[in-house]
Amino acid sequence: MRGEKFFMNYDIVIIGSGITGASIARELSKYKLRIAVIDKASELPAGASRANSSMIHGGFDDKPGTMKSKFCVPGNKMWHKLKDVLDVHLDECGSYVCAFNDDEVKHLELLLEQGKANGSPGVEIVSGDKMREKEPNVSPDIVAALWSPEAGIINNFEAVNAMIESAKINGAELFLETVATGLLLDDKGNVRGVSTNKGDFLAPVVINAGGVHSGEIASWAGDKSFRIIPTKGEYFLLDRATGGTITSFLFSCPSKAGKGVTVLRTAEGNLMAGPTATEQEDPEDRSTTPEGLAEVLKGARRLVPNFPVNMNITTFAGVRANTESGDFEISTLKTPRGFVNVAGIKSPGFTSAPAIAEYVAEMLKSELADIVTLAPNEKFIPERRNIPRFLYLDMDERKSLAQNDPAYAQIVCRCETVTEGQVIEAIRRGARTVSAVKMMTRAGTGRCQGGFCCPRVAEILSRELGIPLDEITRHGGESRLLVGKTKEFLLKGALSE
Amino acid sequence: MSERIDVLIIGAGPAGVAAGIGARREGAEKVVVLERDWDLGGILQQCIHPGFGLRTFKEELTGPEYMHRFIQQAHEAGVEFRTNTMVFQIDTSNDPSVLSGHLPFAGEAKTPHVKGERAIHGEGVTVWTMNKERGIEALNPSSIVLTMGCRERPLGAIRIPGARPAGIYTAGTAQRFVNMEGYMPGKRAVILGSGDIGLIMARRMIWEGAEVEGVYEVMSWPGGLRRNIAQCLDDYGIPFHLRTTVTKIHGQDRLEGVTVAEVDDHMTPIKGTERYVECDTLLLAIGLIPENELSRMAGVDIHPVTGGPVVNDLLQTSNPAIFAAGNVVIVYDLVDNVSDEGLIAGANAAKFAMGKIPADAKRIPVKGGENVRLYSPQFVTGEADSTIFMRVTHPIEQACKVFASADGEEIYSQRLRYARPGEMNEVRIKAEKVKANPNISSITIDIQPV
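Residue numbers (the numbering used here), protein chains in the order written: chain A, 8 to 504; chain B, -16 to 433.
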């Protein structure tokens, strides 16, 4: 089928299925709407929602009056409920901002005021010694810290997949490997849809949740009011055996050198440190650098002097959508009518996403009521259950799973104790790449980084999907794992000479 | 009540199969070897190149042939094998740091020393297994032999900056793809590290029609055996670069190339020596790590340098009911040594199950000299003749001697033509030498030029 002849009709098209797009899709699935979510990636999450600090912020860091301050605290409260509704891991661990000198203590006082103004519950300044009672491995030079009890750390891989799955359960459609190429307008200049590599998606409302590409997408609508500055953040991720080093999320105070490195324990128990904040041209360059990693290590050791970097299992980088204003860009455009920006969503974007999604629904009701009707979907199902996480089940639950389905009595990923049953379930829920299985099950996230399970996951994908092993990719596109069968390969080589 | 098992062996590679034979020959009745793969043999299944068993069988065998001989002996000896059976948890009732489903955190690093009176005859040690037919089961054997082998160090361990495309594999994963699955991981490979599997895979890639641009080793000497450098690289004209490493990875989807650079004495890349190398595959042969997730769950002491359980010359760990042998203890250079150690561990585990190991056996600590990087066992009882395996830190390319002394008195000495980190050296301790002096406080092993 040729792209230009292919089109589908929707009420709303959402460009981008990061945490922002996915949350909007789920929120709008509470209404009787035909929703399409398109994303260029082969698996979710792919952009900034994949590579970030996985922080659910307390809400003290944002200047009162900004969009960020408006959504962060409500978003935080929503996540504390959504974790059960959507069955995702949220470690409700709290966070500390650490001060090493008087100037930094002054900064804590400012944050405390902001926190109170923003309605962030329970924020307080504690002494360094008080903090070290709870976190004995932090620097003895920390003199005071701002404690935020409502801050948490989420499993961001799970959260994005849970959000979009919940939207799908309620009727939204997800199209992966679908690249938006332009905006379609009708003869009156109103929004008519989005053109993509897969054909046209027609809808009177288009929501731009394009993350680091949201500036470019806005420019299709003629909106040049903001600019996205792709900003790279690099991280170390350490073996899960290091997770006892700290139990809360640790921030540095921002300084002239930058916003400062954080050290945290992920929702799954890995020690992690980052990010840097390096502006760059290329929104897709997610390579780590010697300079960036050195900066992270220095910052991590300032907070946690014995940061056990020898237990590192991988380094990674994410590119976030910074804006010149430093704030989110959320609005409906007057022209073309039907175009909605939810752009420049970066920290505290993950935290804010569910609150932003509610706001977007309200915005559609109040500003675009003439072109889209939000009638409640009485059949909306809020709950979504995760793929069973074998690692965390008790022995009786494990036994009963294995009894009902022998695939749960076969380990695929030995580092994270992921069973074949989980991998098959991920494939049933839409995983098509080795990396998608990783996002949905954690197979390959452990200390051997897929050395053991990658061939096995590839074999299961090949078997379940009925496609040859050498067509399985790591993360879509040209990322094939293998280049052909051995003897065929030799023969082809010989023939070409 | 779970079934009665005298000796339970975890892993049916060369160490585990030999341990089964050793345990049965010693007289243990019910000896069970668990294997997570569908077939026996461990990593040797995919080692289809010759070079195994020169010492044991006085001929050059492939990995599968070598294993076949041992597996036959094991069947004849009455060893029971359970394949497709994975141990996913070991609980020791006296160890509060082991919680269901959670590995103990290193931050809380507790490796309790389980005393002799506990955990005897299977009490307090529960081995959880899974199998598609049998489901999830708990076993309480009288003694255990850990023979899980080792795994390859992954890329993250050396923190190379750059992108994360497809096409980066450990050499062993690539070997599995080529030898077991029949697929090629790529067409033009760079190999980082000169461990034996990397050298073997360099040759293998050439045989399958791929190109190998070069092998890069950050150290000043090769990681693998000299014979593999000669037979796998030199014979095929594959360039071998010492003191050189990969400093950056390029490519978004599939690997497109790597930057390599020479390093100084501190292993820091030297500016100006960087070179871009086009390749679609990077194979890693940067070292092997004993695989001890289960050992940690079982709460046995782990040695910080070997990465394996601390053992005495009976190959008994800090938990007297748990024994260990092969690459799970220390990474060996030759499989013959692994099999030998497996036989010893199996026999002693059987003795333990039958109550024949004295609870008050001596524990004379072994110490390493200046140029000794790692060694095992770390304690000697003197109950039987034993061999201490060791590797040097720096090569000695001249005549030297490996020796052992008990409180300053030499009890073993052997002249060598050279000593190299890639090849192990052995110290043989005669039981009578230990028995002769009941007051030995420690034994020191060393290698020095002569």
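To be clear, the hints were calculated from the coordinates, so they are not data collected in a lab. None of the values given here were measured: they were computed from a predicted structure. A portion of the hints provided could be inaccurate.
As the list claims (entries may be wrong) - Heads up, simulated DMTMM-like pairs for lysine to aspartate or glutamate below, C-alpha to C-alpha not over 25 Å straight-line:
no., chain 1, residue 1, chain 2, residue 2
1, A, Lys305, A, Glu111
2, B, Lys170, A, Glu478
3, B, Lys170, A, Glu111
4, A, Lys494, B, Glu406
5, A, Lys305, A, Glu478
6, B, Lys345, B, Glu415
- Item | Proposed proximity, Glu406 (chain B) with Lys494 (chain A) (alpha carbon, max 25 Å) | violated (34 Å)
- Item | Distance restraint between Lys305 (chain A) and Glu478 (chain A), which requires alpha-carbon spacing of 25 Å or less | Roughly 42 Å between the alpha carbons, so the hint for Lys305 (chain A) and Glu478 (chain A) is violated.
- Item | 25 Å Cα cutoff - pair Lys305 (chain A), Glu111 (chain A) | Holds, because 18 Å separates the two Cα atoms, which is no more than 25 Å.
- Proposed proximity, Glu111 (chain A) with Lys170 (chain B) (alpha carbon, max 25 Å): violated (55 Å)
- Hey, Lys170 (chain B) versus Glu478 (chain A), does the alpha-carbon distance stay inside 25 Å? holds (16 Å)
- Message: Checking one constraint from the list: CA of Lys345 (chain B) to CA of Glu415 (chain B), max 25 Å. Satisfied?
- Response: Holds - the C-alpha atoms of Glu415 (chain B) and Lys345 (chain B) are around 14 Å apart, at most 25 Å.
When the structure is compared with the earlier hints, violations turn up for hints 3, 4 and 5 and for no others.
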